[in-house]
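Engineer: Below are the chains, spelled out letter by letter.
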Amino acid sequence: MEDKGGTRAEKAQNTRLIHLDGQLEDWVLETINAEGLELTEKSELASQSYKISNGRLFFDSNSSSPNLFSSGIPFNRNNLKNILRFNLRRGDINLSPEGKIKDLKLNLTNQQRRLVKTIFKKHLSPKGLDEVIKTGDEIREIDDFYSHFDSIHSLPRSIIEMDLFRGFESCQVIVHQKGKMFCDTYYYVSGMGDQHKVIPVESFNSTFSLIKKSKSKKFNQSKLLKEDIGILGTFMANVFSIKNHDIVFIVSQNGFLPPTKDEITLFDSFCNRIGSVFDFLLQRNEVSEKSQNINVLLMNYPHPVAILTSKDQILFRNRLFDEEVFYEFLDTPDRFQTWKLIKDHLLVSRIPDSTKNISDIYHYQRVSLLGELLNTLQHELSNPLFGLKLTAELLEMEHEDEEVKETLSEIASNGQRCLGIIKNFSYLYQDENFTDNVEIIRLVKETVILTKSESRQIQKEIIHDGLPEDFTIQTNPTWLSQILFNLIVNSSQAIKTVTENFRGHQIVINISKTERDLNISVSDSGPGIPDSSQEEVFNPFYTTKDKGTGLGLSICNNLCLKLGGRLNYSKSPLGGACFTLSIPLEKVTHDQNPTH
Amino acid sequence: MIKILLIEDEKLLQKSLKKLLEKRGASVDVESSGKGAIERIRACNYDRIICDLMLQDISGFDVIEESKQRYSIGQISSKFIIITAYGSPQVHARAEEYGCKILTKPFQDNAQALDTFLTIEE
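Chains as they are written, first to last, in this note's numbering: chain R, -3 to 592; chain W, 665 to 786.
Since the hints were made in silico from the structure, they are not lab data.
Accuracy of the hints is not assured; some may be wrong.
Calculated cross-link-like contacts (lysine-lysine; reagent style BS3-like; alpha-carbon spacing at most 25 angstroms) [claimed, not checked]:
| hint | chain 1 | residue 1 | chain 2 | residue 2 |
| --- | --- | --- | --- | --- |
| 1 | W | Lys765 | R | Lys401 |
| 2 | W | Lys667 | R | Lys401 |
| 3 | W | Lys765 | R | Lys419 |
| 4 | R | Lys419 | W | Lys679 |
| 5 | R | Lys401 | W | Lys699 |
| 6 | R | Lys211 | R | Lys239 |
Every beta carbon over 12 angstroms from chain W, so not counted as near; a handful from chain R, in silico [claimed, not checked]:
| hint | residue |
| --- | --- |
| 7 | Lys419 |
| 8 | Glu450 |
| 9 | Ile458 |
Beta carbons are placed, not taken as given, at the ideal position from N, Cα and C, and that holds for glycine.
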């Protein structure tokens, strides 16, 4: 029975009622203790009733309301534990007298901490969400009549099981949501259980209009010989049109005698009342579908989301909203975004780390800007440089004075060097999808030169045992060079963190091939990566540098995948880190390319 | 004597190439702007036109387009040699449409480049 004082929702927030079988008493106490709670007082109402409390009342046992936990579930040893837990985790508990977990963080007892841990460890609580969404929609109070029916699925059964329909064998409810191509038919025959089928709307329409036109509402199968009507013999039927739904409602004794006058009167009066039940159940059905959809959405939302009560109790959380995130929220609410829901509930989500995307975009913008810049420079610089070089060479040939000749030769060779640098740069910044037959060893050498400003003074060695100098593979030279560039710069910077004297330190680049892959490893004699962080190295924003963005390796890893290869970390025999890049010797096709 | 028009806006390069070509016995007119080049092509018959692509006013391809008024497509492909510092695949593709030779600056081998400029196929 409902407590008439206060709304249902208020009551639900303040108390939980359980009805205990005497035999379960010990076991319940055990469970309650295990959850870190106390059973402080016995209710005066009945010897088998309890209030379970933790500083303030939250479970009250009262013999008249055995099913407040969840409707219709009988208590037994097996499910009581779950029911208890369900209520605990749903946040119906208050962990401190003030009800603030916030205050609690500092003075949680170990037991309470354990409890919070259990809540987080074991349970996600979609049901908590249902509660919020359901109460958000206006659902009318259930009176006695409504309480017979709990879902549209079981409605036919509930009707046949009513005293009113004693002697009737089967019942069918066909529901068409306006605008849909299919209808749901819910069907029950005594002894055969609930059935649900989906039928096309055409079949529904003809049945609907036939029943609508009939005055007597008496039918037999000869009139409605349709497979979709699972009724035998004569039957009574009526139709309903409510808001978005059309409904056909059929009951039958599965006999061939026509219904008596009394039965028709009964059916008519029942129809007057059942219409609003359809409305109610369908509405509830919609709410539950809606809540399911929202649930799926929030569960899979790629950022931590939770619904909290005004007292920071968790009604719902998705997988990403773990204990750590929760404490982070309590400590630094600024990092979170909140939306007010009904009843002062809060939807909380950590603000997505926008810096990640921004710096990714920033990086690619920079790369493409660099590409454009280099193309322009290639023309704007190489043309005049070529002129300089050619003129100097020409003048050198014409001049007699040795000193002038030497100077001119110097000018010409400097021009040549500049031209070479520009050419190499522009080769390294080709279009996105540009692939070429790349001379690997030359590319590695050029890339090493490009890292000069970072790797100066550190001894670098390129080993390519068993690979000819002009070994080529089909690949994207820009990406390959960028990966190597990042790796070499990383190695150099790592070495610089431990010493200012680079003598004795080295970076070794080893190029080798297996049957299918080309492997290029960059290993250094730096400090290496701590064992504890090895799994994180490729994560964006993982960095060991003071000023690093933590994007370098993550970008390398991505580019590697784009090349159809992979990047692995291992410990270097030189003592530091070793990153090995493996790319297939055969050019990967587009399909295998994970970026497309 | 081979009569050459050299269209190149980089003055040092223009001078040097002119000198080198003349040393090999060609007569060389030089021009820095595309419009000036078009005037010269209208006024004078050249055996060879060496044309830079990125000129200050118009592109080398524009010069070639204009030359169609005087020369047949076949003549264009044999007379014109494109020189460019910006050897993108698009540029190469376009040069191929005209059937012209294309050399990227800086030349890999100067002597070889001069040979190319001075060889006139009939």
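Engineer: Could you check that no beta carbon of chain W comes within 12 angstroms of the beta carbon of R/Ile458?
Structural biologist: holds, 25 angstroms
Engineer: Does R/Lys419 sit within 25 angstroms of W/Lys765, going by the straight-line distance between their CA atoms?
Structural biologist: Within the cut-off at roughly 21 angstroms; holds.
Engineer: Between the alpha carbons of W/Lys765 and R/Lys401, is the straight-line distance 25 angstroms or under?
Structural biologist: violated, 34 angstroms
Engineer: Below or equal to 25 angstroms on CA atoms is what counts here, so check R/Lys401 against W/Lys699.
Structural biologist: violated, 38 angstroms
Engineer: Taking 12 angstroms as the cut and beta carbons as the points, is R/Lys419 off the interface with chain W?
Structural biologist: Violated, because the least Cβ-Cβ distance between R/Lys419 and chain W comes to about 8 angstroms, which does not exceed 12 angstroms.
Engineer: Does R/Glu450 sit more than 12 angstroms from chain W, CB to CB?
Structural biologist: holds, 29 angstroms
Engineer: Just to be careful, I want the Cα atoms of W/Lys667 and R/Lys401 compared with a cutoff of 25 angstroms; is the pair within it?
Structural biologist: violated, 32 angstroms
Engineer: Does W/Lys679 lie within 25 angstroms of R/Lys419 when you go C-alpha to C-alpha?
Structural biologist: With Cα atoms ~24 angstroms apart, R/Lys419 and W/Lys679 stay inside 25 angstroms; holds.
Engineer: Are the Cα positions of R/Lys211 and R/Lys239 separated by 25 angstroms at most?
Structural biologist: Holds, at about 23 angstroms.
Checked against the numbered hints above, the structure violates hints 1, 2, 5, 7; every other hint is satisfied.
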